[in-house]
Amino acid sequence: MMNMRLVIASLLFTPLISFAADTEFTLVIKDHHFLPSEIRVPAGQKVKLIVENQDATPEEFESHELNREKIVAPKSKVSIFIGPLKAGKYPFFGEFNQATARGLVIAE
Amino acid sequence: MFGPAIIIFRETLEAALVLGIVAAATRGVDRRGLWLVMGVLAGLIGSAVIAGLTETIAQLADGSGQELFNAAVLGVAVLMLAWHQIWMATHGAELARDARQLGSAVKDGQRELSAIAILVALTVLREGAESVLFLHGMAMGGSSSLTDIIAGGALGLAGGAVIGMIMYLGLMRIPLRWFFSVTGALLVLLAAGLAGQMARLLIQADLIPSLATPLWDTTALLPTKSLLGSILHVLIGYESAPSGMQILFYAGTLAIIVTCSALVKRRQTVQLLKPTQA
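Chains A and B are the protein sequences, given in the same order.
According to the working numbering, the residues represented by the first sequence are 1 to 108, in order.
According to the working numbering, the residues represented by the second sequence are 1001 to 1278, in order.
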């Protein structure tokens, strides 16, 4: 009986756990712009952002609202974990090209 | 020209403020100038090396190399500050006494100064490597002339240096009676702030949980990116939306350094008061 409950419980939670681990979003930096410039992520859970810099110059992904900052070398990829976030808008920018490299994370 | 100037100013600000505080805090220790200059030079050389290795470091540890490297740099800086603080617990009174006599300096502070030099080097390294990457990127990007980039960089550096100088001169005006208490308090808060930043990096790499995120949010009141916010960020580790884990690291570091300094000081006082048995 106990075992049965455990099996049911683990079956119930398995999709949730694997889903949480797989929540990945990719941002591309090209010509000093973020593509896409807006990403929608689920609120209340940890999310992995993959930032790929296709430019020949380095960039720094930065967001005061997300409390994150990371250098992305030219032609390379980094991952940044964010959240769990409350529903809302979280602007981010490329510190080295602030005039053009701007974007928004929308948690919902 | 002003774009690069502002970025370099922001990067320089942290190193300059830390340098201003430690230059004041080591007042009265023999040959402190030499150690501080050595720290800055080592940091500058390190900046160029680390900037060159950015990609290699980033790819270590499954893409979390940058966070781990910076967290390690911050961790060593916190240890150096803690050591200095505990050393001051036994030598502070001596320094305050000797500083009154012109030209006298504490001779046995060399090992302690080497810790301060390492702290300075690591602080310059963290901010310097980013500046090198940024300036190099600008130069390669080709949208600004080299003269503009160099002039902007120099302007930003000069601006940061001025703030560091103001910090140093301001601290030196504090009467000796309170002087080492003030610089000591500043260094402990600095250490706690660095520990908080270290927690942020480890959370960003998903190595530790963030706990309550954010624990509070004072962005509307005082954003971290404002000038006052940035200065407070360097000085006391202010953040407008910190996570619970950051506060835990902050408070833990504060508690450990204060407790250890107090214990060392008490043990020394007890030894001094012990009657000598002939």
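Where hints are given, some of them may not hold.
To be verified - One-sided excerpt, in silico: chain B residues whose CB lies under 10 angstroms from chain A:
(1) A1005
(2) A1058
(3) S1064
(4) P1223
(5) L1228
(6) S1243
(7) R1266
(8) Q1268
(9) T1269
As the list claims (entries may be wrong) - Taking CB as the label site, the calculated pair distances span:
(10) A:Q54 <-> B:G1052: 39 to 47 angstroms
(11) B:R1177 <-> A:P91: 41 to 49 angstroms
(12) A:S37 <-> B:A1061: 46 to 54 angstroms
(13) B:L1207 <-> A:Q54: 51 to 59 angstroms
(14) B:R1031 <-> A:S37: 50 to 58 angstroms
(15) A:K75 <-> B:G1252: 34 to 42 angstroms
(16) A:E52 <-> B:E1094: 52 to 60 angstroms
Claimed, not checked - No farther apart than 25 angstroms at their CA atoms in a straight line, the calculated lysine-lysine pairs in the DSS-like style are these:
(17) A:K86 <-> A:K30
(18) A:K86 <-> B:K1225
(19) B:K1265 <-> A:K89
(20) A:K77 <-> A:K46
Note that these hints are calculated values from the structure, not bench results.
Using N, Cα and C, we set each Cβ at its ideal position, and we do this for glycine too.
Hint-by-hint comparison with the structure:
Given hint, A1005 of chain B at the interface with chain A, is violated; its Cβ is 13 angstroms from that chain's nearest Cβ, farther than 10 angstroms. With 10 angstroms as the threshold, the beta carbon of A1058 of chain B comes within range of chain A, its nearest partner Cβ sitting at about 6 angstroms, so the hint holds. Look at S1064 of chain B: its Cβ gets to within about 7 angstroms of chain A, closer than 10 angstroms, so that hint holds up. The beta carbon of P1223 of chain B is positioned within 10 angstroms of a beta carbon in chain A (closest approach about 6 angstroms), and the interface hint is therefore held.
Restraint check, L1228 of chain B versus chain A: the minimum CB separation of about 14 angstroms is more than 10 angstroms; hint violated. A hinted interface residue such as S1243 of chain B counts as satisfied when its beta carbon comes closer than 10 angstroms to some beta carbon of chain A; here the least separation is about 7 angstroms, so the hint holds. Against a cut-off of 10 angstroms between C-beta atoms, the interface hint on R1266 of chain B is violated, since the closest Cβ of chain A lies about 39 angstroms away. With a least beta-carbon distance of about 41 angstroms to chain A, the hint placing Q1268 of chain B at the interface is violated under the 10 angstroms criterion.
The restraint placing T1269 of chain B at the interface with chain A is violated, with a minimum CB-CB distance near 43 angstroms, outside the 10 angstroms limit. Range check, Q54 of chain A to G1052 of chain B: Cβ separation about 21 angstroms, and the 39 to 47 angstroms hint is violated. The hinted range of 41 to 49 angstroms is satisfied by R1177 of chain B and P91 of chain A, whose Cβ atoms lie roughly 47 angstroms apart. For the pair S37 of chain A and A1061 of chain B, the beta carbons lie near 30 angstroms from each other, so the given range of 46 to 54 angstroms is not met.
Taking the beta carbon of each, L1207 of chain B and Q54 of chain A are about 28 angstroms apart, not inside 51 to 59 angstroms as hinted. Remark: the range hint 50 to 58 angstroms for R1031 of chain B to S37 of chain A is upheld by a beta-carbon distance near 54 angstroms. For K75 of chain A and G1252 of chain B, the Cβ-Cβ distance of about 40 angstroms falls inside the hinted range of 34 to 42 angstroms, so the restraint holds. Restraint check, E52 of chain A to E1094 of chain B: a C-beta distance of roughly 56 angstroms satisfies the suggested window 52 to 60 angstroms.
Between the alpha carbons of K86 of chain A and K30 of chain A the distance comes to roughly 29 angstroms, so the proposed pair goes past 25 angstroms and is violated. About 21 angstroms separates the Cα atoms of K86 of chain A and K1225 of chain B, which keeps this hinted pair within 25 angstroms; it holds. For the hint linking K1265 of chain B to K89 of chain A, the alpha-carbon distance of about 50 angstroms lies beyond 25 angstroms, and the restraint is violated. With a C-alpha separation of about 19 angstroms, the suggested pairing of K77 of chain A with K46 of chain A holds against the 25 angstroms cut-off.
Consistency note: the structure conflicts with the earlier hints numbered 1, 5, 7, 8, 9, 10, 12, 13, 17 and 19.
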